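2 protein chains.
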Amino acid sequence: MASDIRDSYQELTKVFKQYSTLGSISSVLQWDMQVNMPPKGAEKRANELALVSGLAHERLTSKRVGELIETCKSANGALGEAERANVREISRDYDRATKVPQELVEALSRQRSLTHDVWGRAREKADFGMFAPELEKLVELTKQLAEAYGHDGTPYNALIDEYEAGATVASLTKMFDEMKVVTVPLAEKVINSKVKAKFAFEKNRFTAEKQKAFGETLIEKIGFDKQGGRLDTSIHPFCSGGLGDVRLTTRYNEHAPQQAIFGIIHEMGHGLYEQGVAKETYGTPLSEALSYGIHESQSRMWENYIGRSLEFWKCFYPQLTSVFGNELAGMSVEDWVLAVNHVERSLVRVEADELTYDLHIILRFEIERDLFAGVISVSDLPKVWNQKIEAYLGITPPNDGKEGVLQDVHWSGGSFGYFPSYSVGNIAAGQLWKKMHADMPTMSAKIEKGEFADILAWLREHVHRHGRRYSRDDLMKMATGKPLGTQDYLSYLEEKFSSLYQL
Amino acid sequence: MASDIRDSYQELTKVFKQYSTLGSISSVLQWDMQVNMPPKGAEKRANELALVSGLAHERLTSKRVGELIETCKSANGALGEAERANVREISRDYDRATKVPQELVEALSRQRSLTHDVWGRAREKADFGMFAPELEKLVELTKQLAEAYGHDGTPYNALIDEYEAGATVASLTKMFDEMKVVTVPLAEKVINSKVKAKFAFEKNRFTAEKQKAFGETLIEKIGFDKQGGRLDTSIHPFCSGGLGDVRLTTRYNEHAPQQAIFGIIHEMGHGLYEQGVAKETYGTPLSEALSYGIHESQSRMWENYIGRSLEFWKCFYPQLTSVFGNELAGMSVEDWVLAVNHVERSLVRVEADELTYDLHIILRFEIERDLFAGVISVSDLPKVWNQKIEAYLGITPPNDGKEGVLQDVHWSGGSFGYFPSYSVGNIAAGQLWKKMHADMPTMSAKIEKGEFADILAWLREHVHRHGRRYSRDDLMKMATGKPLGTQDYLSYLEEKFSSLYQL
Numbered sequence: 076m077a078s079d080i081r082d083s084y085q086e087l088t089k090v091f092k093q094y095s096t097l098g099s100i101s102s103v104l105q106w107d108m109q110v111n112m113p114p115k116g117a118e119k120r121a122n123e124l125a126l127v128s129g130l131a132h133e134r135l136t137s138k139r140v141g142e143l144i145e146t147c148k149s150a151n152g153a154l155g156e157a158e159r160a161n162v163r164e165i166s167r168d169y170d171r172a173t174k175v176p177q178e179l180v181e182a183l184s185r186q187r188s189l190t191h192d193v194w195g196r197a198r199e200k201a202d203f204g205m206f207a208p209e210l211e212k213l214v215e216l217t218k219q220l221a222e223a224y225g226h227d228g229t230p231y232n233a234l235i236d237e238y239e240a241g242a243t244v245a246s247l248t249k250m251f252d253e254m255k256v257v258t259v260p261l262a263e264k265v266i267n268s269k270v271k272a273k274f275a276f277e278k279n280r281f282t283a284e285k286q287k288a289f290g291e292t293l294i295e296k297i298g299f300d301k302q303g304g305r306l307d308t309s310i311h312p313f314c315s316g317g318l319g320d321v322r323l324t325t326r327y328n329e330h331a332p333q334q335a336i337f338g339i340i341h342e343m344g345h346g347l348y349e350q351g352v353a354k355e356t357y358g359t360p361l362s363e364a365l366s367y368g369i370h371e372s373q374s375r376m377w378e379n380y381i382g383r384s385l386e387f388w389k390c391f392y393p394q395l396t397s398v399f400g401n402e403l404a405g406m407s408v409e410d411w412v413l414a415v416n417h418v419e420r421s422l423v424r425v426e427a428d429e430l431t432y433d434l435h436i437i438l439r440f441e442i443e444r445d446l447f448a449g450v451i452s453v454s455d456l457p458k459v460w461n462q463k464i465e466a467y468l469g470i471t472p473p474n475d476g477k478e479g480v481l482q483d484v485h486w487s488g489g490s491f492g493y494f495p496s497y498s499v500g501n502i503a504a505g506q507l508w509k510k511m512h513a514d515m516p517t518m519s520a521k522i523e524k525g526e527f528a529d530i531l532a533w534l535r536e537h538v539h540r541h542g543r544r545y546s547r548d549d550l551m552k553m554a555t556g557k558p559l560g561t562q563d564y565l566s567y568l569e570e571k572f573s574s575l576y577q578l
Numbered sequence: 076m077a078s079d080i081r082d083s084y085q086e087l088t089k090v091f092k093q094y095s096t097l098g099s100i101s102s103v104l105q106w107d108m109q110v111n112m113p114p115k116g117a118e119k120r121a122n123e124l125a126l127v128s129g130l131a132h133e134r135l136t137s138k139r140v141g142e143l144i145e146t147c148k149s150a151n152g153a154l155g156e157a158e159r160a161n162v163r164e165i166s167r168d169y170d171r172a173t174k175v176p177q178e179l180v181e182a183l184s185r186q187r188s189l190t191h192d193v194w195g196r197a198r199e200k201a202d203f204g205m206f207a208p209e210l211e212k213l214v215e216l217t218k219q220l221a222e223a224y225g226h227d228g229t230p231y232n233a234l235i236d237e238y239e240a241g242a243t244v245a246s247l248t249k250m251f252d253e254m255k256v257v258t259v260p261l262a263e264k265v266i267n268s269k270v271k272a273k274f275a276f277e278k279n280r281f282t283a284e285k286q287k288a289f290g291e292t293l294i295e296k297i298g299f300d301k302q303g304g305r306l307d308t309s310i311h312p313f314c315s316g317g318l319g320d321v322r323l324t325t326r327y328n329e330h331a332p333q334q335a336i337f338g339i340i341h342e343m344g345h346g347l348y349e350q351g352v353a354k355e356t357y358g359t360p361l362s363e364a365l366s367y368g369i370h371e372s373q374s375r376m377w378e379n380y381i382g383r384s385l386e387f388w389k390c391f392y393p394q395l396t397s398v399f400g401n402e403l404a405g406m407s408v409e410d411w412v413l414a415v416n417h418v419e420r421s422l423v424r425v426e427a428d429e430l431t432y433d434l435h436i437i438l439r440f441e442i443e444r445d446l447f448a449g450v451i452s453v454s455d456l457p458k459v460w461n462q463k464i465e466a467y468l469g470i471t472p473p474n475d476g477k478e479g480v481l482q483d484v485h486w487s488g489g490s491f492g493y494f495p496s497y498s499v500g501n502i503a504a505g506q507l508w509k510k511m512h513a514d515m516p517t518m519s520a521k522i523e524k525g526e527f528a529d530i531l532a533w534l535r536e537h538v539h540r541h542g543r544r545y546s547r548d549d550l551m552k553m554a555t556g557k558p559l560g561t562q563d564y565l566s567y568l569e570e571k572f573s574s575l576y577q578l
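So the sequence lines, in the order shown, correspond to chains R and L. Residue numbering for the first sequence follows my numbering, beginning at 76 and increasing consecutively. Residue numbering for the second sequence follows my numbering, beginning at 76 and increasing consecutively.
In case anyone wonders, no lab produced these hints; they're calculated from the structure. Just to be clear, a hint being listed does not mean it is correct.
Copies of the same chain look alike in the list, so a pair counts if it works inside one copy or between any two.
In silico DSS-like links for lysine-lysine, alpha-carbon gap of 25 Å or less [as the list claims (entries may be wrong)]:
1. K278 / K571
2. K273 / K477
3. K148 / K212
4. K278 / K200
5. K287 / K463
6. K458 / K200
7. K552 / K269
8. K218 / K509
9. K92 / K115
10. K89 / K285
11. K509 / K92
12. K115 / K552
13. K287 / K115
14. K509 / K477
15. K92 / K463
16. K115 / K301
17. K89 / K115
18. K115 / K354
19. K521 / K273
20. K278 / K354
Because the structure is a prediction, the values reported are computed rather than measured.
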């Protein structure tokens, strides 16, 4: 009997590895589409991606996989703890993939394309009315999707679960409410502070070549393995690939070098997570990132906690000025750090600073939550959007387009429930950061000396190597002694910005 | 009944398109492997490629495909001529894929890896003895492969057929014998001519950036569609991809700019073929290149016939010297053309000039032919190699390594029967070239003015758009009025080199 279970487990992981390999093929095709593909290649690439995604779905949802999962679950005792975790996570993926009727999958896919298509044009024209009818249909279909997944009376929970297993409307509302009461007044104080960044980067030209050369040096010194990864250019920055071949991309603004520098550090944070998963279980959930939120905790940790610190720039500013001597003339390291921590009332999420970023997320979460609870409808979105951004950031968009309710791609693609992960990442990073400090009292000194090996080792030990083995709260408890909460993150924000802005 | 056939035909082409899409996915993965992949990505990429190739094989060889082919063939009358050609070619691919027993496929794959692996080391050490035992096993398995494909008593015919459908040992021996009697003495005369190229490129540095910039301009002016293709750098130059996304690669030697320039024009010739296939049948044999030889006829046409002509450089030499003014100081356009048509007794095929290139091919063909006929054995190869290269080129390799019998990768990978295609390409190009001249008496003037649209249109009309619709001889008859023969090619060589070298 035990050997039957072992055979079933082997077969199950073998099929899952094929499914995973199809995913990694898809990832290469998508990377290439963003980085290299000539315009006329679009149709062929769409066919390639559709075929791979169909084959992957077939592999994961076959009757045989269902049987193997049942066999493995029926005699869990014959498997070790790690293997049981693998079966649990494969079963989770199988369930989500098989619960949705094929007609709904197809209807959603069609409606996502249509909505995405009209979104591009509506955003350009700042015309929400153009977008609303397609978005309404997409929200309806997404409600059906939530029903298909199943939930406890709150359909939005089923959507959040896709990106952040275990998170709920209730837990997120509680965390975000705790954050608002701290962040809104703190941002107000910082914006009104007499301390101001002195430098306007726009005056000088920071060539893309020099920015790239600096970025390449930076990630190598921090510990990104170039033998198993690379850095390229794309319109929308991202990190893709996996162990052995992790691809980072960025874009260069020659009058705002901080965008690419922190963009690169951010994507590198994602990349270090991917480079840190367990090799021996590669291709199974045990070597997959735990959630979007935990992934984001890694990118934010490196970008904001480490990358925007004075210690970090005490180490790297001399190298930055050796590349951009003239362009940064007259700017001290303290000026630079203040400049890259400039806080402002901004309308656009992707350009928001560390402190106000969560406010952009919270308003989106509240809108999605209320939309799927039937409290508001699609036609209310522009009004509610503007009310919330005024309430949280004290600013009103000039229109519904690129600076307003139409700015993000997420809703047009049906990715409802995705936004909260960004703030979950910030919160998790804050909690991990505090524990890292406690475990390594000399961490600041290490950063100042450009020694990142111990920090990376800590993250590998406590986060990266576990993959999807533990739930998010179990991982946080093991790493920090407590489940995810906002306290450490909010203390960090208060300390950092009070000190920088002499509040 | 007719509608049954139509349904079967639709289903058959649908499955074939999936097979073809898997091929194009594999091509992106391989391009990326050569151009971008970091070293540690090799294992994952190997898994991805193996999975895609397995899925493609499954698609093509399913029982259902066999049934559909039978149905379509049984009532050919219900299909149009183009559709019947598609069925014929799909059936050819199906037969070749299904005739080989799975154990032989696996044994060959294993033995190819082993032989390739030892080849790299043996070549480095110039030690044929190291290579021979593995090569012997590979030849044995390849003989079994030829038996599986079936043949008329000459196993090598079954191997040639993979690359050049319809070519036979008899037809190639006849053509190559005709060529030897012309090319060997002609090369001798050219080498002994008092006319010598005056310039040694090695003295100056032609930066890779400038070479690339010039190459990009060149292919764009000639008519390569950059909206549906691109040019990159790789260690081994190649062309891959297809309609909408054709990828060319080259490598840059900063002391020999002619290598990349003609390398780029060569790969562009392949690329123009791929960009010229019929869009409406894309993904079926009707939009696939006819054979390796016809593919090579296109690359050689652009590289040698057009690219190495005085007319071409009358147009482009001013642009070349505007990029490399200092590096080419004192060199006239006539000097340049003579330099890039320098003929010599060379040991290495990939560096051989236009005139002696075929001699390198002919000796390899004769060796393969005699090896598979049992006339010589693997252990005879170094001796036979050296005898033949001495006889045809008047030169003897210093050893069996990079300049001798171990120089090419082909045998180590089991690609027996591939070499003849290179010379078939030269011959076909000569015949097409002559007919193009007859159809367009002002062709030389057009080239001198940098007008390539009519030339490209002629090639599209007579070659590219037909894909695999006609046999090679039928295509040549339609395009030139006669089946493939050496006469036009040999006349071209005699005229060109007699004129250049004042014989």
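Verification of the supplied hints:
1. K278 / K571: neither (28 Å within a copy, 60 Å between copies)
2. K273 / K477: This pair counts as neither: shortest intra-copy Cα distance 28 Å, inter-copy 62 Å.
3. K148 / K212: The answer is neither: 39 Å in one copy and 47 Å across copies each exceed 25 Å.
4. K278 / K200: Answer is neither; intra-copy 30 Å and inter-copy 59 Å both fail.
5. K287 / K463: neither (38 Å within a copy, 53 Å between copies)
6. K458 / K200: Classified as within; 18 Å inside a copy, 76 Å across copies.
7. K552 / K269: neither (40 Å within a copy, 85 Å between copies)
8. K218 / K509: Neither. Shortest intra-copy (39 Å) and inter-copy (68 Å) distances fail the 25 Å Cα cut-off.
9. K92 / K115: between (32 Å within a copy, 19 Å between copies)
10. K89 / K285: neither (45 Å within a copy, 49 Å between copies)
11. K509 / K92: Neither, since 36 Å and 55 Å both go past 25 Å.
12. K115 / K552: Cα proximity of K115 and K552: none, with 50 Å in one copy and 33 Å across.
13. K287 / K115: Answer is between; shortest inter-copy Cα gap is 22 Å, intra-copy 28 Å.
14. K509 / K477: neither (36 Å within a copy, 59 Å between copies)
15. K92 / K463: Answer is neither; intra-copy 45 Å and inter-copy 51 Å both fail.
16. K115 / K301: For K115 and K301, only the inter-copy Cα distance (9 Å) is at most 25 Å; the intra-copy one is 31 Å.
17. K89 / K115: Between copies, since 22 Å is at most 25 Å while 37 Å is not.
18. K115 / K354: between (38 Å within a copy, 12 Å between copies)
19. K521 / K273: neither (28 Å within a copy, 62 Å between copies)
20. K278 / K354: Neither: 47 Å inside a chain and 49 Å across chains, both beyond 25 Å.
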